[in-house]
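Whenever a hint applies, use it, and build me the whole structure from the sequences.
Chains as they are written, first to last, in this note's numbering: chain A, 4 to 346; chain B, 4 to 346.
Among the hints, a few may not be true.
[To be verified] Listed below are the simulated BS3-like cross-link pairs for lysine-lysine, each with C-alpha atoms no more than 30 Å apart in a straight line:
no., chain 1, residue 1, chain 2, residue 2
1, B, 212, B, 194
2, A, 212, A, 71
3, B, 28, A, 249
4, B, 249, A, 28
5, B, 48, A, 28
6, B, 303, B, 225
7, B, 123, A, 48
8, A, 48, B, 26
9, A, 249, B, 26
10, B, 123, B, 308
It is worth saying that the hints were derived from the structure and are not from the lab.
2 protein chains.
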Amino acid sequence: MSETEISTLGEFGLIDQLTRDFKVKNASTLRGVGDDCAVIDYEGKKTLVTTDLLLEGIHFDLTYTPLKHLGYKAVAVNLSDVYAMNGTPRQITVSLGISKRFTVEHINELYSGIYAACEKYGVDLVGGDTSASVTGLLISITCLGEAGEQDIVYRNGARDTDLVCVSGDLGAAYMGLQLLERERVASAGQKDFQPDFAGREYLLERQLKPEPRADVIAELHKLGIHPTAMMDISDGLSSELLHICKDSNVGCRVYESRIPIDYQTAVMAEELNMNLVTAAMNGGEDYELLFTVPLTEHEKVEQMKTARLIGRITKPELGAYLVTRDDAEMEIRAQGWNAFNNA
Amino acid sequence: MSETEISTLGEFGLIDQLTRDFKVKNASTLRGVGDDCAVIDYEGKKTLVTTDLLLEGIHFDLTYTPLKHLGYKAVAVNLSDVYAMNGTPRQITVSLGISKRFTVEHINELYSGIYAACEKYGVDLVGGDTSASVTGLLISITCLGEAGEQDIVYRNGARDTDLVCVSGDLGAAYMGLQLLERERVASAGQKDFQPDFAGREYLLERQLKPEPRADVIAELHKLGIHPTAMMDISDGLSSELLHICKDSNVGCRVYESRIPIDYQTAVMAEELNMNLVTAAMNGGEDYELLFTVPLTEHEKVEQMKTARLIGRITKPELGAYLVTRDDAEMEIRAQGWNAFNNA
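Here's what the structure looks like:
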């Protein structure tokens with residue numbers, strides 16, 4: 004890979020080069036990159052807006068995160084928030100802070116991941132800001148999406164007797180991080196170290212290249228299911244359940260036996276001598292969808308291929324509890340990832 | 004000022020506390036902070052979106068920038084981009100990266116400036132992301148605005164014989180920075196140093212608390228003037244003139260004698276032995292509006308209190324030149340602030 008210092012292109016040259024392959028995909032994108040603002044037109048639909056900040060040394064470690072994957076993930080986590088409102092993502096802006104140790108080729112690599120995510124999910128890049136930074140890489144992405152007013156699902160609509168559902172499986176992204184961390188420590192000081200990831204590819208993929216669950220939204224739509232509350236699982240199932248319970252003023256019972264866990268996640272937890280349920284409840288970064296539906300939708304939910312029933316909503320005074328396999332009740336606490344404690 | 008570690012509140016506690024005083028001001032803000040996305044509704048108007056990233060050590064120095072001013076400026080520079088499209092800013096999202104040396108009280112101070120700007124310009128805070136950072140403070144703001152399709156002014160509409168206009172005065176923000184830098188150097192190692200800013204308040208205000216020119220947009224509207232091209236001056240007049248010339252495929256002649264410069268700016272340049280015209284042309288951070296209007300609007304433009312005529316648009320082959328007081332022509336070059344060279 005050749006090495007071009009970013010200062011040789013300058014800010015505008017860099018932006019021109021990075022954005023020229025992004026073709027406009029949405030009729031709602033009237034004007035994209037290249038003016039003071041992008042211009043968007045949803046014609047009567049509602050605009051959704053969400054933003055996420057990823058910082059080197061806090062949210063990612065470049066010793067085991069390829070820049071292309073990082074770009075992809077930075078977009079994916081924003082799209083996930085739009086799907087979690089039952090909306091369709093349409094445009095993103097990308098702001099970068101770049102320290103001197105990064106070259107134009109590095110940033111091209113990062114953008115190739117951003118490009119791949121935009122292509123896959125039909126999203127337009129419409130602006131951003133690029134600057135030098137004193138230390139490290141930072142990525143701030145804002146996503147705009149659209150939704151019909153009646154379609155939008157908030158966090159505060161869960162009601163007593165509703166069913167609690169979750170898509171995919173949980174804990175794998177966290178176990179992927181543990182695996183990467185273990186191999187990083189093992190490799191320290193060794194020149195030709197070969198990390199051992201055989202049979203663990205799913206865990207790595209879940210950590211390095213999460214996919215926003217557009218397919219879950221499509222299946223809900225196909226089956227005519229309108230969730231009463233929904234959010235994506237970024238901090239961990241426990242933390243998100245408590246958000247929905249608090250915002251909806253309800254309680255919940257979630258069944259340990261119903262929490263979806265992949266085989267590789269279970270094997271890895273065993274190997275690392277970690278509690279599997281804790282990993283699934285509190286691991287975070289799964290970017291699965293957690294949602295509630297009225298009890299009357301029970302049969303439809305049972306047909307879903309992308310999600311499963313894990314519990315039910317209760318009156319608020321009953322609290323939020325995990326029902327274990329031996330029928331004990333453990334209070335759900337938010338032990339999710341907290342950037343202010345980790346740092 | 005008491006000192007509360009940010010980890011005592013946690014991310015959600017901090018966001019709750021920072022955002023609770025922000026009341027919704029726009030009917031278009033259907034849902035603000037507190038869900039996966041904000042929900043916005045412009046009912047047929049077009050949505051404008053812009054974003055800016057401010058990094059400690061690159062864009063600001065906290066040894067002379069009060070946190071409240073920094074918060075205000077971070078919002079102001081985004082609103083300026085929306086006005087520069089002839090739009091009205093309505094919502095912002097605010098993402099913060101915060102290192103360990105900042106306390107809750109520091110971030111409250113920063114937010115008091117964000118709050119003041121939102122109140123003054125009628126803008127709603129609708130979301131964001133807050134994280135620990137390894138070093139320093141970073142602020143990423145995205146602003147949404149609305150505009151009627153016919154009202155939007157791009158950079159590419161300038162035509163031969165159009166008039167070139169600029170609001171306010173130029174170079175003062177740059178001179179304010181020079182002044183702050185001089186006093187910072189003079190204060191080094193001295194405990195009770197009192198910086199000497201007497202009679203230079205305007206320069207400081209221009210650097211520390213720029214105002215987006217909503218009043219210029221209002222005056223254009225009142226006089227029925229629709230600019231053919233417009234942008235805000237963040238990198239310097241030279242750089243922005245070249246943007247408009249390139250995007251519109253035109254040239255220009257701008258007259259040195261017509262460039263608006265405040266008395267304090269001139270005195271400061273003299274004192275620092277700096278070229279005044281260079282400061283005004285390339286200083287940057289003025290956040291004034293540069294716009295072009297058809298020749299037929301000459302009389303209306305002459306009536307403007309917030310802006311003045313500084314030149315004219317030409318055919319592209321005539322290039323972009325500054326006509327000096329002694330009638331020499333100097334080619335305009337972008338020497339504006341470039342974050343990748345400064346860092």
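Hint check:
Straight-line distance between C-alpha atoms of residue 212 of chain B and residue 194 of chain B comes to about 26 Å, which keeps the hinted pair within the 30 Å bound. Simply put, residue 212 of chain A and residue 71 of chain A have alpha-carbon atoms about 9 Å apart, close enough for the 30 Å limit, and the pair holds. Restraint check for residue 28 of chain B and residue 249 of chain A: the C-alpha separation of about 25 Å stays at or below 30 Å, so the hint holds. The straight-line distance between the Cα atoms of residue 249 of chain B and residue 28 of chain A is roughly 25 Å, inside the 30 Å bound, and the hint therefore holds.
Between residue 48 of chain B and residue 28 of chain A, the direct Cα distance comes to roughly 21 Å. Compliance with the 30 Å bound is thereby established for this hinted pair. The suggested pairing of residue 303 of chain B with residue 225 of chain B holds, with an alpha-carbon distance near 10 Å, which does not exceed 30 Å. Using a Cα cut-off of 30 Å, the hinted pair residue 123 of chain B and residue 48 of chain A holds, with the two alpha carbons roughly 29 Å apart. A hinted pair counts as satisfied when its Cα atoms are at most 30 Å apart, and residue 48 of chain A with residue 26 of chain B qualifies at roughly 24 Å.
Our distance criterion of 30 Å between C-alpha atoms is met by residue 249 of chain A and residue 26 of chain B, whose separation comes to about 21 Å. Distance check on the hinted pair: residue 123 of chain B and residue 308 of chain B sit about 21 Å apart at the alpha-carbon level, within 30 Å; holds.
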